[in-house]
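A.B. asks: Chain by chain, the residues run as shown.
2 protein chains.
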Amino acid sequence: MNPRLLSIQPSVIRALAAKKTPGSIDLGLGEPTLRPQQRFFEAATRWVAENGTKYTTNAGDFATRERIAQHYGYPGMSEARNVCMTTGSQEAVFVTIKTMLDADVDELLVVEPAFPAYAKMAQLEGIATRKIAMRAEDDFAYDVDAILGAIGPNTRMIAIGSPANPTGTVLRRADAKRLADALLARAGEPIWVLFDEIYRELTCIDDPGYLPAFYPYTIVANSLSKSNALTGMRIGWVMAPAPAIDSIVQTHAWVTATASAFGQRIAFEIFGESGALAEQAQWYRTQRTAVIAALRASGMRFIEPDGAFYACVKLPDGLDCLDAATELVERRGVVAIPGKIFGATLANWLRLSWVAPIESFTEGLERIAALASAPVRG
Amino acid sequence: MNPRLLSIQPSVIRALAAKKTPGSIDLGLGEPTLRPQQRFFEAATRWVAENGTKYTTNAGDFATRERIAQHYGYPGMSEARNVCMTTGSQEAVFVTIKTMLDADVDELLVVEPAFPAYAKMAQLEGIATRKIAMRAEDDFAYDVDAILGAIGPNTRMIAIGSPANPTGTVLRRADAKRLADALLARAGEPIWVLFDEIYRELTCIDDPGYLPAFYPYTIVANSLSKSNALTGMRIGWVMAPAPAIDSIVQTHAWVTATASAFGQRIAFEIFGESGALAEQAQWYRTQRTAVIAALRASGMRFIEPDGAFYACVKLPDGLDCLDAATELVERRGVVAIPGKIFGATLANWLRLSWVAPIESFTEGLERIAALASAPVRG
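Sequences listed follow chains A and B, in order. Residue numbers for the first sequence follow our numbering, beginning at 1 and rising by one. Residue numbers for the second sequence follow our numbering, beginning at 1 and rising by one.
Quick caveat, the hints were computed from the structure, so don't treat them as lab data. Keep in mind that the hints are not guaranteed to be accurate.
All copies of an identical chain are treated as equivalent in the list; a pair is satisfied when it fits inside any one copy or across any two copies.
Listed below are the simulated DSS-like cross-link pairs for lysine-lysine, each with C-alpha atoms no more than 25 angstroms apart in a straight line [as the list claims (entries may be wrong)]:
hint : residue 1 : residue 2
1    : K54       : K120
2    : K340      : K177
3    : K54       : K19
4    : K120      : K131
5    : K314      : K177
6    : K314      : K54
7    : K131      : K340
8    : K54       : K20
9    : K120      : K340
10   : K131      : K20
11   : K340      : K314
12   : K177      : K54
Build the full structure now, drawing on both the sequences and the hints.
C.D. replies: Pasting the structure below:
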C-alpha cells in the first residue's frame, strides 16, 4: 500500500455528513441547490445523436478550449493551447501540483484559511507544504506582505483561492498587482501561483484582482461546478502559459486520459451563449444580502463574504469547532463544517454554506447562536 | 517540475496520428466507430431535468454501483461497496496502481504485450516495473508458468488485460484457475492482480477465464467505453474486495473527487436494461470473421484475436515497426500502430484496429502486405 495515502487524515466533512439526521438543516453543503440550465444538456444530447461521443485529444476539444481561453483573455494564456479540460477543478488542481513541483526539493505554500485539498494533494505526492495564515483581525483578507514573507528558499508554488473557500475572501485588484510586482521583482527561478477561481462568477465586490492579468507565472484552476450548478458533470480546466500547460496535459493524459466529451460539449454551449456563465450569479447576490442581514441579527462575529456561498462564524474561545459541529449535527439538527479543516486559525470558527433557503439558513444560524451562547457538553 | 514526468517518453501513437494525411485509412483507432445508444443519453437528460446533477459520494452513486457489482457477481466484490466509479478505466488503473503499491519497495509485473499505460503510470508514481513477455510462437497466449516464474521478491501486483490490447488474447478459464491456485499457494503477502477487462464484452471465444471468479486478490478495471461506444463519456470503475476498495476510493477522492453523475446515470440505465451491455457485441463478432478471412488472404503472419478489436500482423525480420508505421502514414495512406510500444517482443509487428469498414481494413492490409513484401526505404 502507498504509505502516503495512509498518512492522510480521512475527511471530517464526510464523517459529519454521515451523522446527519433526517430533517436537519444542512449548512455544510459545498454545492449549489439551483438546477443546472437544462437547455445545455439537451443541446449536448442532440450533438451526441449526430456525432457520438468520442475521445477528444488529451487536452480536450479544441473549439471548447478556444472559447474558454478567449472568454478569460488572460495574457499569455488566451489561446486554445493554453487550456486543458479536466474532471472538475479537483483534477485541475491535482495535475497542476503533481506536474509543476519536484517532491524531492520543492515546497508548496498554502495561504490559509484554504480549501484542504491543496495540502492533502501535496501530501499524497510527497511534496512539502508550508502554510501562512491570514489574520482574523483583518477578516482573513489577503495580506500580500505576509504571503511574501512566508516564501521559503524551496517555495516553488503558492496556492490561493479567490473567492476563497471557506471565507469567501477575494483578492483585491491592488493586492493582486502588488503581489505580482513583488514576485516578478524576485531573483532566481519564478514562483508559480496556483490561482483557484472556481467561485469566480460568484464574486460580489467591485474590485476583484485576477492574478493572471498581472502575473505570467499563474496557473488557473476553474470549473462550471459552482457557476452553473454542474458539480456532478465534472467539467473543469487548467489554464497555463506554454510550455507549462504541455506538461500538465501529459500528466492529465496518464491520470484520466481525457475529460468527458459530453461535459466539454456543455461547456462549449455555455461559453458560446452570452451571459450563460453568469446567469445564476444574481441569485447569489440577492441571497448574500439576506444572509448578511441574518448574520448581523444573530449577534455572532462573522466574516462578510466577498464571494462564493459560505460565511464563517466565530464560536466562543474554548469551544472547539469540531466539538461544536458534532453537537450541532448529533443533537441540534444542523450540519456545519468545523473551521479547523481549513487551517488552525479557524479552530474556533464554523463554515456555513448559504445555498439553502434563507429561512433554513436563519433557523440554523439561530441554533448555532444558541449553542455559542450556552454550550451544552455531553 | 516533476522529474518523473519528464522521464516518460511521449506517446508514439499521438505523434503518428499527427502525421495522418486526409483520405488515409485509419487502422490505428482505439475506439469504436459505432454510435452509442442514444436512448440512454435521453434518459439521463430527463433525469437531470428532475434531479439536477449533483456530486455523488466519492465512490459514486450507490444504486449504479449496486447494479454493476451484481451484474458481474464476482465473489468478494459483489456489493455496491466494492465498486468505485472513475473517469474511464484510465483513472481506474491509475488509482489502483497509485494506491496499492509502495513506491519504496513494491514492484509491478506487467505481462507483455500490454497496454503501455500500466508501465507508464508506474513510472509516473516512481514504482519499479518488471516485465514478462509472452511468446510469439504461442501466438502470445498467456503462459501461466512464465508469469509465475517472473514474480520477484518485491512483486506486489501483476497487470493482465483480457482481452488484451494489442493482441486480443483472452486468458482461458483453465489458465485463470491455474494462475489463481498457484498464487494462492504462495507463502507470504498476497500478490494483487490488476485485471483489466475493458474489452470483456468483445470476447469471441467460448472459455474465457475471469480471474476474479477464482482469485480473491484481484482488482478489476473496466468501463463502458468499448462495449457501448462511450469512449468520450469516461465512465469506468474499479471493483475490489474490502478493505482495498476503501483505500482506492480515498485516492480517487483526491484525484478527481467523483466521476460524472451524468455518466453514472447512463451506466445505471445500461445495467438496468437486460442485454444493453452486449447489444453491440454481435457487430464485432461478424466483423472479426471477415477480418480473419482478410488476414488469411493477405498471406501475412497474424495473431487471431480472441477478442477486442485489434489484430497484430508481423513484418519481415529487420523491418522495424516504427519505421514501417512511419512509411505507412507518410507515404502509403495507412495509420497502423508500431507493436514495440506494447513490448519489445512486438518490435516487428503492427497493431491494426478493425473498427473501420471491412473494405477499408482490407485495403489497408493490402498496402501493409505490399510494404512487407518489398519495403522501400527513404
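A.B. asks: Which holds for K54 with K120 at a C-alpha limit of 25 angstroms: within a copy, between copies, both or neither?
C.D. replies: between (33 angstroms within a copy, 23 angstroms between copies)
A.B. asks: Have a look at K120 and K131 and pick one of within, between, both or neither, based on CA distance no larger than 25 angstroms.
C.D. replies: Intra 12 angstroms, inter 33 angstroms, cutoff 25 angstroms: intra-copy only.
A.B. asks: One pair to classify: K314 and K177, alpha carbons no more than 25 angstroms apart. Within, between, both, or neither?
C.D. replies: Intra 31 angstroms, inter 61 angstroms, cutoff 25 angstroms: neither.
A.B. asks: At most 25 angstroms between CA atoms: does that hold for K120 and K340 within a copy, between copies, both, or neither?
C.D. replies: within (14 angstroms within a copy, 38 angstroms between copies)
A.B. asks: Is it within a copy, between copies, both, or neither that the alpha carbon of K340 lies no farther than 25 angstroms from that of K177?
C.D. replies: neither (30 angstroms within a copy, 51 angstroms between copies)
A.B. asks: Cα distance capped at 25 angstroms. Does K54 pair with K20 within a copy, between copies, both, or neither?
C.D. replies: between (40 angstroms within a copy, 18 angstroms between copies)
A.B. asks: Indicate which option fits the pair K177, K54 if close means a Cα-Cα distance not exceeding 25 angstroms: within, between, both or neither.
C.D. replies: neither (42 angstroms within a copy, 36 angstroms between copies)
A.B. asks: Quick one: K54 to K19, C-alpha cut-off 25 angstroms, is that within a copy, between copies, both, or neither?
C.D. replies: between (41 angstroms within a copy, 20 angstroms between copies)
A.B. asks: Go through the copies and call it for K314 and K54: within, between, both or neither, with a Cα cutoff of 25 angstroms.
C.D. replies: neither (50 angstroms within a copy, 29 angstroms between copies)
A.B. asks: At 25 angstroms max between alpha carbons, let me know whether K131 reaches K340 within a copy, between copies, both or neither.
C.D. replies: within (13 angstroms within a copy, 46 angstroms between copies)
A.B. asks: How do K131 and K20 come out at 25 angstroms by Cα distance, when the copy is not named: within, between, both, or neither?
C.D. replies: neither (32 angstroms within a copy, 49 angstroms between copies)
A.B. asks: At most 25 angstroms between C-alpha atoms: does K340 with K314 qualify within a copy, between copies, both, or neither?
C.D. replies: Cα proximity of K340 and K314: one copy only (12 angstroms, versus 62 angstroms across).
Hint compliance for this structure: hints 2, 5, 6, 10, 12 are not met, and every other hint is.
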